[in-house]
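Asker: Sequence:
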Amino acid sequence: MAKLTFFGAIEGVTGSMYLLRAGDSRLLLDCGLFQGRRAEEEANHKPLPFDASKVDAMVLSHAHLDHSGRIPLLLGEGFSGPIYMTRPTSDLIEVLLKDAASLQERDAEWENRRRRRSGKEEIEPLYRLEDVEEALTYCQGVPYRKRINIAEGVDVRFADAGHILGSAIVEIFITESGQEKKLVFSGDLGNSQAALLRDPDIIESADILLLESTYGDRDHRTMEETLAEFEDVIEEATRNGGNILIPSFAVGRTQEIIFRLGELYQKGKLKHQAIYLDSPMAIAVTEIYHRYQDMYNEEDRDTIETFAKRTASKKRSLHAFLPTLRYSCTTEESMALNKLASGAIIIAGSGMCNGGRIRHHLKHNLWRKQSHVVFVGFQAMGTPGRALVDGDKTFKIGGDTIAVTASIHTLGGFSAHASQSQLLDWLSHFKVNKPRLFLVHGEADAKRALKEATDKNGWNATIPTLGQSVDF
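Throughout the sequence shown, residue numbering follows numbering that gives the first Met the number 0, covering 0 to 471 in sequence.
Listed below are the simulated DSS-like cross-link pairs for lysine-lysine, each with C-alpha atoms no more than 25 angstroms apart in a straight line:
no., residue 1, residue 2
1, K268, K308
2, K455, K430
3, K181, K145
4, K53, K2
5, K395, K338
6, K314, K266
Calculated from the structure, these hints are not laboratory results. In this text the structure is predicted, and so the values were computed from the model without any measurement.
When you get a sec, could you build the whole thing from the sequences and use the hints?
Answerer: The structure is reproduced here in structure tokens:
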């Protein structure tokens, strides 16, 4: 009998990690960082809750750090097996994990300067760049929809989740005593209204199903309404001379925003706006997206192609689709943006404002009444972004307290996660012999609301607890 244990993304939306025991095989599904409040992030420094040396293989649903960010720690505790993922994910994870290591090394060095001055013991970063380099040697990219054997009696197949480039719905097939059972993990399901990527693949059968619930308690605004509001913000900022700051996740959200700004450019609505992508990681990821344009949905791929033909451009990239886009790669180029008092759209990480270059732009713009901050993604509890969305009137960065007089906008329609209605629609394709349903990757209210909604549709969903095990 197979056993599944829930080790992460159970009491919130981060730290995705599940251990599967099937016969003599042990498999890990995701190995993500806890993110958000300081107490939550401290969990990353605790030993993993299982013997990593006994895990035969790992399967990664997608590249976001809340699903992948503890992989170097897994190896540090003795894991030495293969790590399976889609091919685009294998490219993206190199960028994300290296960036994470660099940030951790930098933060540890800053903290140690303070500790040395006060005579305290120095700390080590969570992991270093060399740890990431080693971890990458274990990563194996495989095609979508190809079933492969990964351990004795265990096969895996990746379906397109439509969340970010390379994101996957994971199908795990377990054969015991001549009988096959199937576990499906939704990963993070994409928003069918989003640009560039295809809608999530339909899955029709499983014995046990893990379903994300990030937006299990709400529906997104329509994309038409979202784009109309986005246009209004841009027009208002143009009239009053303010800058627009867009805190954005480097993978997925940034590329969506570039595409949508490109569409507005085609309509002549960005004539006086300079657009800056101020994130080396997001720049690298955007170039990876360019390499995998064959995975775009047909409509948006044709839009980019048509523009390239009309302008006689040899490039079919997102950068070419938005000619006013400028890359800010160096620290000096980023700092120069702080001198711009008006007329700029600045896209920078991190998406929840808990790090990265966006914090410095907030410092120079939040106190300006003519400035606008546009949130285009989920803001977890305890993050600075959530505080701004919830109406905080001050913002702290370093030793400074900044008054918040800028206009704050939340455009939930840009979310890369499926809404409640989209989750229910995806579930509706399990027509016969509904699988046992477990709701994960969501805050408590979202999971409870989704459970109520699914139960009305004939399910009997379970909200698991941290460390709980289920047999199937």
